[in-house]
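Each chain, written out:
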Amino acid sequence: MRHPADGETWKSFDGLHEKFSIDSRNVRLALASNGFNPFRTMSISHSTWHAMMVVYNLPPWLCIKVEYTMLSLLIPRPQSIGNDIDVYLQPLIQELKELWELGVQTYDASKNETFLMRATLLWTINDYPRYAMLSSWSTKRRFACAYFNYDTNSSYLKHSHKMCYMDHRVFLPMNHPWRFNKKSLIEK
Amino acid sequence: MIYEYLIITGFLEGYDLWVHHGEKILSPANKDEDMIDNEDSHDDINALLYETFRNVVDVKEDKEGPNDEARKFYQMINDANQELYPGCESFLTLSFIIRLYLLKCLHGWRNSSFTDLLQLLKEVMPYFNIPEPFNKTNSMITDLGFDYKKIHACPKDCMLFWKESENLDACSICKSSRWKEFPKVNSKVEGPKYQLRVPAKVLRHFPLIPRLQRLFMCLKNAESMRWHEEK
Chain A
1 MRHPADGETW
11 KSFDGLHEKF
21 SIDSRNVRLA
31 LASNGFNPFR
41 TMSISHSTWH
51 AMMVVYNLPP
61 WLCIKVEYTM
71 LSLLIPRPQS
81 IGNDIDVYLQ
91 PLIQELKELW
101 ELGVQTYDAS
111 KNETFLMRAT
121 LLWTINDYPR
131 YAMLSSWSTK
141 RRFACAYFNY
151 DTNSSYLKHS
161 HKMCYMDHRV
171 FLPMNHPWRF
181 NKKSLIEK
Chain B
1 MIYEYLIITG
11 FLEGYDLWVH
21 HGEKILSPAN
31 KDEDMIDNED
41 SHDDINALLY
51 ETFRNVVDVK
61 EDKEGPNDEA
71 RKFYQMINDA
81 NQELYPGCES
91 FLTLSFIIRL
101 YLLKCLHGWR
111 NSSFTDLLQL
121 LKEVMPYFNI
131 PEPFNKTNSM
141 ITDLGFDYKK
151 IHACPKDCML
161 FWKESENLDA
171 CSICKSSRWK
181 EFPKVNSKVE
191 GPKYQLRVPA
201 KVLRHFPLIP
211 RLQRLFMCLK
221 NAESMRWHEE
231 K
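Residue numbers (the working numbering), protein chains in the order written: chain A, 1 to 188; chain B, 1 to 231.
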């Protein structure tokens, strides 16, 4: 896989939204967000938050280059942003909604014509703690897996006071000898 | 206060240049280390103006042609694509202004000092092709799409002061003031009649739609936007 266009997400999205994928100029975006310290010194704990857009229509040698990523929000604050990020994402979400639902008339220089540009946000790029902020699904404690949600299999270790996530048998192929080996692999 | 100052003057303005597509501009963080890159950035701006946009501007409108917005943009680029002075080969007016503005942002010059510098340049070299009045340079930068919107926010992160609540003075959820409160000075000398209001928290929003539109206005980029299908 050299580009997300070869990936499953891209293809299944094309299947779901044929109207969108019919024009290859429609933009697929990714949102990257994280906190950073603008003062070039790590001795001050301050974190300014940013949200950057990555355009995945571009070829792999361009799409994540500095010149082609677009800064779209800059949120000043002394501490990490937490769930309040929702408040600050509003202007961006509004724009994305407009791009997805209505589209924007755009002039294409290569074909010398005006077309209706639509855009979708396909991915977010972030580390696991930030994932909780962007998706509003806590990535800690019992239901830490944002993909399995309430089906996350977790158990609390009474003596070490930690959560642990077991039940990896589900990822084994059906004919694997350990797949149904409840006795030796069961949690508790 | 120093941090505040850093954020408002040097750092962010550096960033708002940096977002523009196809342009290699140093972020202030590494300006000291790579001065060689600086040279590149100069070349890149010229290349951007010469190659990417000129081709399009010259195209005779046989088909549909650019829409009004795009035409305005190209017109603007075209207008500014003049020689800096008669016989100058290395700089265009636009690339000169962009470079100067970049320096302004990196080193935190004030707007007034920037204007004064331009005025002095014009005075010393009357044949210099710099727009007059001088605050036009600022609007030029805005027209190019280097600008951003400032949206005030509640200091406790409850809401943004935009749309219908744009003119409120206090947060409608937690009632905290939108403006910074300064301690009152107990002096006998009367202060100024009105106080300058400083917002407590400002969100900077760099509009996405015009940036995407500009991506398509550039010939080279518009072609590579279709890469994923044609490859």
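Where hints are given, some of them may not hold.
[Said to hold, decoys possible] Here are some chain A residues pointing at chain B (derived, C-beta under 7 Å):
(1) 24
(2) 70
(3) 74
(4) 75
(5) 91
(6) 102
(7) 103
(8) 107
(9) 171
(10) 173
(11) 177
[Said to hold, decoys possible] Derived DSSO-like pairs (lysine-lysine); straight-line CA-CA distance at most 30 Å:
(12) A:65 <-> B:150
(13) A:65 <-> B:149
(14) A:97 <-> B:156
[Claimed, not checked] Label-pair restraints from in silico Cβ distances:
(15) A:126 <-> B:72: 49 to 57 Å
(16) B:116 <-> A:80: 40 to 48 Å
(17) B:138 <-> A:94: 22 to 30 Å
(18) B:177 <-> A:34: 24 to 32 Å
(19) A:141 <-> B:72: 52 to 60 Å
(20) A:93 <-> B:76: 27 to 35 Å
(21) B:72 <-> A:154: 56 to 64 Å
(22) A:46 <-> B:177: 38 to 46 Å
(23) A:34 <-> B:124: 42 to 50 Å
(24) B:167 <-> A:129: 22 to 30 Å
(25) A:105 <-> B:86: 18 to 26 Å
The hints are simulated quantities; they were obtained by calculation from the structure and are not laboratory data.
Note that CB positions come from ideal geometry on N, CA and C, so glycine has one too.
Hints, one by one, checked against the model:
| no. | hint | result |
| --- | --- | --- |
| 1 | 24 | holds (4 Å) |
| 2 | 70 | holds (5 Å) |
| 3 | 74 | holds (4 Å) |
| 4 | 75 | holds (6 Å) |
| 5 | 91 | holds (5 Å) |
| 6 | 102 | violated (11 Å) |
| 7 | 103 | violated (10 Å) |
| 8 | 107 | holds (4 Å) |
| 9 | 171 | violated (31 Å) |
| 10 | 173 | violated (33 Å) |
| 11 | 177 | violated (42 Å) |
| 12 | A:65 <-> B:150 | holds (26 Å) |
| 13 | A:65 <-> B:149 | holds (24 Å) |
| 14 | A:97 <-> B:156 | holds (26 Å) |
| 15 | A:126 <-> B:72: 49 to 57 Å | violated (37 Å) |
| 16 | B:116 <-> A:80: 40 to 48 Å | holds (42 Å) |
| 17 | B:138 <-> A:94: 22 to 30 Å | holds (27 Å) |
| 18 | B:177 <-> A:34: 24 to 32 Å | holds (30 Å) |
| 19 | A:141 <-> B:72: 52 to 60 Å | holds (54 Å) |
| 20 | A:93 <-> B:76: 27 to 35 Å | holds (30 Å) |
| 21 | B:72 <-> A:154: 56 to 64 Å | holds (58 Å) |
| 22 | A:46 <-> B:177: 38 to 46 Å | violated (23 Å) |
| 23 | A:34 <-> B:124: 42 to 50 Å | holds (46 Å) |
| 24 | B:167 <-> A:129: 22 to 30 Å | violated (37 Å) |
| 25 | A:105 <-> B:86: 18 to 26 Å | violated (40 Å) |
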